Amino acid sequence: MGLSGYQKRDVSNLSGGEAQRVSIARTLANAPEVVLLDEPTSALDEESARGVEDLVIDIIRERRMTCVIVTHNNSQARRLADRTMIIEDGKLVAIGPTNEVLKDG
Numbered sequence: 001m002g003l004s005g006y007q008k009r010d011v012s013n014l015s016g017g018e019a020q021r022v023s024i025a026r027t028l029a030n031a032p033e034v035v036l037l038d039e040p041t042s043a044l045d046e047e048s049a050r051g052v053e054d055l056v057i058d059i060i061r062e063r064r065m066t067c068v069i070v071t072h073n074n075s076q077a078r079r080l081a082d083r084t085m086i087i088e089d090g091k092l093v094a095i096g097p098t099n100e101v102l103k104d105g
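The end of the sequence shown is residue 105 by this note's numbering, with every number in the run present.
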């Protein structure tokens, strides 16, 4: 998780990216079969967001997990997702391979 040496640090002294990694680590400690991440990088700067994205991709590939990520960021969806669904006004309007669903964006 990139957090070695952090066990004694107070959570109030962590950066946004560090706090997000702690949150993901806590989730993964329960060995879930599926992980749902709701806007996991929304409050982070670009560098921290990319670090969290890389971490998530590495973990889900290593553990062969299913991960559902909610995002409003099409660029992020293109970087992270093999498949994408678009929901508008509570209705499913598109689902399929990311490069097809987001081809016009």
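Hints were generated in silico from the structure; no laboratory data involved.
These numbers were taken from a predicted model, which means no experiment stands behind them.
Do not rely on the hints blindly, as some may be mistaken.
[Unchecked claim] Have a look at the derived ranges for each label pair, beta carbon to beta carbon:
no.: 1; residue 1: Ala29; residue 2: Asp54; range: 27 to 37 Å
no.: 2; residue 1: Glu33; residue 2: Asp54; range: 18 to 28 Å
no.: 3; residue 1: Ile95; residue 2: Glu39; range: 15 to 25 Å
no.: 4; residue 1: Lys91; residue 2: Asp10; range: 38 to 48 Å
no.: 5; residue 1: Ser15; residue 2: Lys91; range: 17 to 27 Å
no.: 6; residue 1: Ile87; residue 2: Ser12; range: 33 to 43 Å
no.: 7; residue 1: Asn30; residue 2: Val93; range: 24 to 34 Å
no.: 8; residue 1: Asp104; residue 2: Ser12; range: 14 to 24 Å
no.: 9; residue 1: Arg61; residue 2: Asn99; range: 24 to 34 Å
Heads up, the beta-carbon is just placed ideally off N, CA and C, and yes, glycines get one too.
Hints, verified against the model:
no. : hint                       : verdict
1   : Ala29 / Asp54: 27 to 37 Å  : violated (20 Å)
2   : Glu33 / Asp54: 18 to 28 Å  : holds (22 Å)
3   : Ile95 / Glu39: 15 to 25 Å  : holds (20 Å)
4   : Lys91 / Asp10: 38 to 48 Å  : holds (44 Å)
5   : Ser15 / Lys91: 17 to 27 Å  : violated (38 Å)
6   : Ile87 / Ser12: 33 to 43 Å  : holds (35 Å)
7   : Asn30 / Val93: 24 to 34 Å  : holds (33 Å)
8   : Asp104 / Ser12: 14 to 24 Å : violated (43 Å)
9   : Arg61 / Asn99: 24 to 34 Å  : violated (19 Å)
In this structure, the earlier hints numbered 1, 5, 8, 9 are contradicted, and the remaining ones agree with it.
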